[in-house]
Amino acid sequence: MTAMLVDENPLAHAVLPTFSTLYDASAGLIDASTDEQDVVFFGPPRPTDAVVGSVRSLERIPSTDGGPSRIARTIDYRDVYGHLVAEVYASGISCDIKGPVAQGTSSALAAHVDAAFDADSVRRFRTRIFVSDASHLTFTCTAVARYLKDSEYVSDFIVSATDDAGVTAARAWVTVAETARSDR
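Here the sequence shown is numbered in numbering that gives the first Met the number 0, starting from 0 and rising by one per residue.
Just the calculated beta-carbon pair ranges, DEER-fashion: (1) Val166 / Tyr146: 30 to 36 angstroms; (2) Ser62 / Ala142: 33 to 39 angstroms; (3) Phe129 / Asp48: 34 to 40 angstroms; (4) Gly42 / Ser134: 33 to 39 angstroms.
What the hints contain is simulated information worked out from the structure, not anything from laboratory work.
Quick caveat, the model's predicted, so the values are computed rather than measured.
By construction, the Cβ of each residue, glycine as well, lies at the ideal position given by its N, Cα and C atoms.
Model the full assembly from the supplied sequences, consistent with the hints where possible.
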């Protein structure tokens, strides 16, 4: 059973369709510690055309084992013609803190991907956060696949962030258009 929540922060502003802009604009859930996020583009975006986000679903998912419930939100981003350009999903464990919870590891992972790949070339950015505020992160990047999608060649990478104790704090799965590759 899923209860629908009222969104207290609807996205009614226009943003440019790059992974970093959508990740930042959609980051954080009210009353939840976000540990999973997925930014997906449906075809190559036009970085100069603004898109507007609207919350498609916001739900509280009860735990089956008596633990804390999860909060999940999906935001659709559409262009001026109403075409679906991108979708951002965020999910996290609900908590008693009112307002967004600090997400240092998530921000560091997004910043690393933004620096390693041109933000305009990222087609999908999916994260899992295991330690929300780890310090002294070391990043590794592994190429896993190359293929043709939506008339462009893309490559998939796994980016892992480990803390100074060697614990994996976060992992991202990144799909990048090959036209803007950089050294990792």
